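Engineer: Two chains, each in its own frame: build the complex with the hints.
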Amino acid sequence: MNFLQCFRLALKAIWSSKIRSLLTMLGIIIGVSAVITIVGLGNGMELYMTEQFASLGTTTLTVNITGRGSSRSISDDEMYALVEENPAVLDAVTPTVSVMGSAKIGRDTLSSTVTGVGEDYLSIKGYTIAQGRGIQYTDILNRQKVCVIGSYVALEYFGGAAVGETIRISGSPYTVAGVLNEISDSTSESGSDNLILIPYTNAAKMSFMGSISSYTFTAVDEDSVTAAKTVVEDALYDFYEDDNAYSVIAMSEILDIMNDMIDIMVTILAGIAAISLVVGGVGIMNIMLVSVSERTREIGIRKSLGARQRDILFQFVIEAAVTSAIGGILGILFGYLFSSAASAVIVALLDTDMAVTPTAGSILMAFGISVAIGVVFGYLPARKAARLNPIDALHYD
Amino acid sequence: MYETPAVSPAPSLIEFRDVYKLYQMGDETVRAVDGVSFTIRKGEFAAIVGQSGSGKSTCMNIIGCLDIPTSGQYLLGGEDVGQMNDNQLAALRNRTLGFIFQQYNLIPKLNVLENVELPLLYGGVRTSERARRAQAALERAGLSSKLQTYPNQLSGGQQQRVSIARALAGDPSVILADEPTGALDSKTGREVLHFLEELHRQGNTIVLITHDNSIAAHAQRIIRLEDGKVIYDGPSGGKGSVVQADEESEGTA
Ligand SMILES: Nc1ncnc2c1ncn2[C@@H]1O[C@H](COP(=O)(O)OP(=O)(O)OP(=O)(O)O)[C@@H](O)[C@H]1O
Ligand SMILES: [Mg+2]
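Chains as they are written, first to last, in the working numbering: chain A, 1007 to 1403; chain B, 98 to 350.
Okay, chain B solo, but in the shape it has when bound (with noise of 0.2 angstroms):
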């Protein structure tokens, strides 16, 4: 059922290890993520697809290193980040993670270029060198004429290419697109995912978390998950991708 994907052996990025993330609801355990094992190798494109309450935002706070998991070991870049402390969290962030969100979360009183130079004025880089960063990011993401614009000045796609600039401008080893589509129309979502595409072809790595299946099916590789556990994963054509036809399958076989 697990082939394997065609891409030359890369180093791995990303490994869950046996990862469970557990939440005491009163005398109740929730489980969140329950026993998760995968890994992820640097130029992949990979989204982890599930119902809601199955577990993906939980996954992609651990990947992105806002949360440690309750047992079991997860790796960014082979280090294993539930030994890190907080200032060695936010350095990790800064230099390998770029975060897309649904709701773009731009800093409202920051014009573009502000917002875009945000994760290198963290990361500690120069003035002038974050300027021509930011710069060069926002030229990537077809936003060069707008510098000096407000977030509330733009469309909500302009402002989720902002957004993913400043994903861009840090020069993350791995972009994690949490629902990039989730707050747009149909027409402007598929701009976003085709410029995902884009920069993976580019050569970045890219997590994408969504509970759509067809935004799901732009990326290469497929990590389903139910109940907090891995259902599939495989390659987005393969069988037992997509839930539906799944259970349309088994229902009609």
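Chain A with its partners taken away, still in its complex shape (with noise of 0.2 angstroms):
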């Protein structure tokens, strides 16, 4: 008997009790659609995580000075001094200072986020100007009061047309000079484009410290974040002589990091995931052992025909390896839907686009541990099922 025949017998053995075949491919079935949609998760947020850094910019080296222990702040000026002087590996630079203040448009407090910046803020960030101007060098030299805002402030408390409008930042009347494109495709109140960016001396001014305590440098490309990092902390420690004094945070370190995490967190889930294939295997050896002890006589039969123990070891392996891998591609079907379910819930509750995206390798791999598990278990009742004595078998009823 040839491979053809055995997996046409073993389709005809499974197609004729089907309800008993798809409870024993039960196990497998959760087991491979629940490792799919792990993995799938784990994909998307990679996926996602990347995406949103790259919009933050995987060129960005993001600093923090906490200043601990120093009575001096290391300048603003200091720090535009240190790209000039590293045009190699450093792009640019900007202050970037959170205002705790209140926003108000009359009498409503706006929810926005109003950070002080500098005039190479958006460019940095990638971001573009839909109407007027940005925040230029004059308006931070200057203290002018003039912001520019995000498309949903825009749309949301001018309806669109901005420019000339006032908003009270802290009891300041600041002009909107300018109104960003749209930053995320969705628009709402949580999302990036509901902000407000005013000249970071400003902002400055009116933080508690009075100081700047946070900058954001580019590097001129990715290869140069690391040499750029060093020059910046190596500045930072000149100046402070104390590395607890300030943190320096690569994005792509961040990315880096997050994607190891999520790595280790999704194996683990799948790990556990894989466990119900293994309880999905005892399952197939469980039914396979029923089944030969049911088919003992026509073992016997085909015995008296002259079939060899390898030809029903065969029979019996490939009938579980079959049962198993339809169990496979069953589980990769249903990992498919539970993706694109587990997809719908996240964008309909979390307000992100993020997609439950299976991997490739691990639909392949999915699909050969269960043939393999099907092989594996199959093997020990096809073996009782090869080594039954015919006479017996023919027997036997």
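It is worth saying that the hints were derived from the structure and are not from the lab. For clarity, every value in this text was computed on a predicted model and none was experimentally measured.
If the Cβ cut is set under 7 angstroms, some of the chain A residues that face chain B in the computed set are:
| hint | residue |
| --- | --- |
| 1 | S1022 |
| 2 | R1314 |
| 3 | Q1315 |
| 4 | P1396 |
| 5 | I1397 |
With a straight-line Cα cutoff of 30 angstroms, these simulated DSBU-like cross-link-like pairs (lysine-lysine) come out:
| hint | chain 1 | residue 1 | chain 2 | residue 2 |
| --- | --- | --- | --- | --- |
| 6 | A | K1390 | B | K206 |
| 7 | A | K1018 | A | K1390 |
| 8 | A | K1018 | B | K206 |
| 9 | A | K1024 | B | K206 |
Listed next, the stretches of chain A that the computed footprint assigns to chain B, with coverage defined by at least 3 CB atoms under 8 angstroms from CB atoms of chain B:
| hint | region |
| --- | --- |
| 10 | 1011-1021 |
| 11 | 1301-1313 |
Yeah, the Cβ is synthetic: ideal placement off N, Cα and C, and Gly gets one too.
Structural biologist: Next comes the structure, spelled out in structure tokens:
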């Protein structure tokens, strides 16, 4: 008997008891679909993160200064000078000063985040101007009371045309100088389009410390991120002589760390899901053992007609493998189904466009593993069948 | 007492040389086959008869290469079966033997044609050739119209004819029938026996196993067993071929 005949025989045997076969496959179906969904979830998370970080800039370095134990804080001029002195690795810098005070339009209090920035902020972030202009060097120098607002703010409070309008920030009136193009494609209150940018010099005055505690640098390209980080760290160490006084974080490093964390989490979860594959394998073994004793007589007949041990062994192993493989295929289909359902739920609940994306690798592996489980767990019952004594088998009922 | 069978000297196909089959039951030894020797030549129609427990099925299992003797030699087509491994025995069953069982032993999941193709499948016959030979065998058994039918849709007699077709399909040297009429009514049983007789006329070697003298009478030669020993081996019409007749003659003598 060749492989194809065994395969047809196996399909026939599986088809002839559909319900039982389906129940046999259940463990494999659940295991495979769970693994695929979990790996897909992890993959989707990584894709989403990468995308988000790419929009933040993978060449970006974020510097936070706590200034611990130091009476003097490094000045913005010194930071700008750093970029000018290291044109090979550093491209630009902008202070970023979070403003705690409230922003108001008339009596309405805005939920927008207010940030004090430098003139290069927009180019560093990759934001573009839709109306008016951005924050300029002279605004910063003269502490002009101007602001640039996100598309959400413009649309929500000014019906779109916002240039020339006034927003009160911590009590002072700011004139809207420009409106940004949409940053993210989902416009909502919690989205990144709900922002107000003002000159950092104004923001620093408003802040508690009166100094600038955070900067964003960009390296000239992704390859020089590490070198740029070293340059910035060295300069800060020279100034503070204490590496606890500041922190320099490369976005690409965060992305790597996050991806590593997701990978670890996914591996653990997929491992747990894979346990049900083993349970599924035991289920297959159980049913195959039942099937062997039910078909003892058939085995006897086949042997009397000249079937060798290996013919019988092959028949049952292939039957187990095919059962398990069909379970694997169904599991893959369900995995896709669960993945798209999960994507829909995530989009609906979290308002992000993250999609659960099953990987080709996980699918191939799931299929391979289910076939392997069939072979491994089918082997014992098959060997039992193959070794049956033909006389006893013929008289069995 | 032993008459030479009226058959031209044909090569011996089945040869038992002092065959024993012993079973150990606790500290008691059951002598299922107790020193049996006989030779069945090509083209013979022999019946192995005897009462229940006389060792018929044990003999049949040995002849059918499903079992090997405890001692003694069994030669099938001149080859010593006792020396063979499992694969060789399987190949021998496949090529040399055709089984007909009391319970038909068809595989219920397979249709008539597939059932008959089975021995050819295990013999490695190509697909087209397999279908052709299986159909030819079914035609001989008068079942050409039932190829796609499943065993449970057939009458007992028809099922037995399928199993005969299956036994014929591989063109075996010996057809071994163990109580082939045991599950059939007397009319259908007779039809099956006539079919076996016809196969014999066509030159097939047939070994029939039965406890029923009237069935054994269809055979040309009778080997009678009692307690694992041969007590008569001769033509079916001969003196001592029928136990009851034997006992009566002894009783009245
Ligand atoms: N596997 C076995 N283990 C122990 N004893 C056995 C075994 N097989 C057969 N025997 C014994 O061997 C003897 C012959 O049995 P066998 O089955 O050959 O008889 P039989 O002539 O076929 O009888 P029946 O007409 O009832 O089928 C019996 O006494 C039986 O109990
Ligand atoms: Mg018997």
